[in-house]
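K.L.:
Chain by chain, the residues:
Number of protein chains: 2
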Amino acid sequence: MTDVVGIGNALVDVLSHETDEFVEAQGMVKGTMALIDTERAETLYAAMNPAVEISGGSCANTMVGLASFGSAAAFIGRVRTDQLGEVYAHDLRAAGVQFDTPPATDGLPSGRCLIVVTPDAERTLNTYLGASAELGASDVDPDLVASASITYLEGYLWDSPGAQLAYRAAAARAHEAGQRVALTLSDLFAVERHRETFLELVAESVDILFANEAEICGLYETEDFDTAVRQVTGHCEVAALTRSERGAVILRGDEVHVVPAHPIPGGKLVDTTGAGDLYAAGFLHGFTQGYDLDLCGRLGALAASEIISHLGARPETNLAELARPLLAGR
Amino acid sequence: MTDVVGIGNALVDVLSHETDEFVEAQGMVKGTMALIDTERAETLYAAMNPAVEISGGSCANTMVGLASFGSAAAFIGRVRTDQLGEVYAHDLRAAGVQFDTPPATDGLPSGRCLIVVTPDAERTLNTYLGASAELGASDVDPDLVASASITYLEGYLWDSPGAQLAYRAAAARAHEAGQRVALTLSDLFAVERHRETFLELVAESVDILFANEAEICGLYETEDFDTAVRQVTGHCEVAALTRSERGAVILRGDEVHVVPAHPIPGGKLVDTTGAGDLYAAGFLHGFTQGYDLDLCGRLGALAASEIISHLGARPETNLAELARPLLAGR
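Read top to bottom, the protein sequences are chains W and Y. Numbering of the first sequence is given in numbering that gives the first Met the number 0, commencing with residue 0 and proceeding in unit increments. Numbering of the second sequence is given in numbering that gives the first Met the number 0, commencing with residue 0 and proceeding in unit increments.
These are calculated hints, taken from the structure and not from any lab test. Warning: the hint list may mix true and false statements.
Intra- or inter-copy, both count: the list cannot distinguish identical chains.
[Said to hold, decoys possible] Restricting the straight-line Cα-Cα distance to at most 20 Å, the calculated cross-link-like pairs of lysine to any residue (SDA-like) are: (1) K267 x T316; (2) K267 x S308; (3) K29 x E244; (4) K267 x V22.
Chain W with its partners taken away, still in its complex shape:
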């Protein structure tokens, strides 16, 4: 029995601290994700400060968070048979996530995400997809998808040729087996690149939608959050809309839950990388346990607060233990 299976980009994060001037000089848009090619990856990396390598990838981060909460999580994603690919597989399995996608034996090297963290703790992503771009329908294990209560996909993956087919196949299989499909919009630019197909997907195949304020407004081409909220209601069963330090709004039918952000452990915001990923982990853990939406939201906020208190997007604290006070009596 799998609680959640995630399909997403397999990326090793390469994190460095840089100034705002660096972000500007490199032509980046702070807080967003840009897809970069080999040449740009080399130029940018050469310009970056000394870095730290930590396994990442938005959807995989969520699966690690789920495992840390005690959920049974699996990941489908593509690396190559190289050193970064070995690191990636090790870190997922060591975190308790089932990972059986065979590594590619030829083609591009394993993907990486060059992440620039500015003094305000904001992260700006530059993704070299590498082997991850070749993920296709044949990588999706239909039995795994059918066995999972929720199949979870990241919007970032939508940029990969083949991945749209893979996702449609997975969503069909999940629904056929009576299971749910969840999607995170991932990034404002991803939404803008793929608005039409995202809208179609949300209406037709998505049961649980995650988005931040900019993304949900981008999806419905509005600058007003309340307008976006009205539009998304009815397009999917559940929507969890995050608003950074202002908490989140969770919608289901007529229900509206406004859940505040959780205080940051240690009080210091260090690096926002993975905040959305871990919010989804906490929320989905609660959801698969059958908790009410308010508690799902609180678990999401708790996990997000842990991840932004340190560098990198994989939890450093056992989330099940961290959640114990919230779950007391259950």
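Mind docking chain Y on chain W? Use the hints.
P.N.:
Then chain Y, alone, in the frame of chain W:
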């Protein structure tokens, strides 16, 4: 003009948090370094928790510390043309360290050090040397050595075939050019494996010796620190003997300086990896600036306190800025 050129193992650190039971079950001796082969590296890595990759290598850490203080530092060490080798070269150069040793185009992959950090913040090292083991005299640039005020070697390197010859050649070249040679004993087990040749080296070729209490006692086969202190005096020009939280004792001829440890920034001991490496960086920076030995020791203690306040052995704070209060008026 180079202030310090270091010759050492080129290793990417792979750090994970583990329990004391894990250290015991894996047959490790806490706080020491063990050389491991490919098979053992694979088995141990598979058993380890999710990890973080940060460029390391004792001597290279010292060179990065020197560059952070504002010294001109260069490193000689051997990686392969692979992903970890690229990461290694990037991080050194991005830290401002000159690194011109060409990567090996065949043979073993780049070396790594599997580091287990226990809840008491102690680190236990398991080194897979890989390409680093093949470092030889031909990798040593004689002009670089002749131009550097100090040539610095790590005792760990003594285990590599060829490295002893490389070091003797470098020491001879340095002295011929009127420069100094420094050595760190690195590890109690390294001392025990190579006591005879270390004793010979210290007496014949080493001007500045770094060692912790266990290592200096091991070198002179005594359990009494004061006995070791008496023996080392006269064997080399300067000896800096570190004693963790009890500070350090620095000796030169009749001079004896007892320098206390520096308080840890943030007050929390997180990971002792690199404490000795960064002590040497601060000390050597002061020494090449012509500061008195007491101030050299204080700079060493300052740099060590920074490195043990976070995970990994490369500084996260600019050491020149951190040292400003200590150097006020100079």
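K.L.:
When no copy is specified for K29 and E244, does a C-alpha distance of 20 Å or less occur within a copy, between copies, both, or neither?
P.N.:
Classified as within: same-chain Cα gap 18 Å, cross-chain 42 Å, threshold 20 Å.
K.L.:
Using 20 Å as the alpha carbon limit, work out where K267 and T316 are close: within a copy, between copies, both or neither.
P.N.:
The answer is both: 16 Å in one copy and 17 Å across copies each meet 20 Å.
K.L.:
Regarding K267 and S308, is the shortest C-alpha distance of 20 Å or less found within a copy, between copies, in both, or in neither?
P.N.:
Cα proximity of K267 and S308: in one copy and across copies (6 Å, 16 Å).
K.L.:
Can you tell me if K267 and V22 fall within 20 Å by alpha carbon in one copy, between copies, both or neither?
P.N.:
neither (22 Å within a copy, 32 Å between copies)
This entry does not satisfy hint 4, going by the numbered hints stated previously; all others are met.
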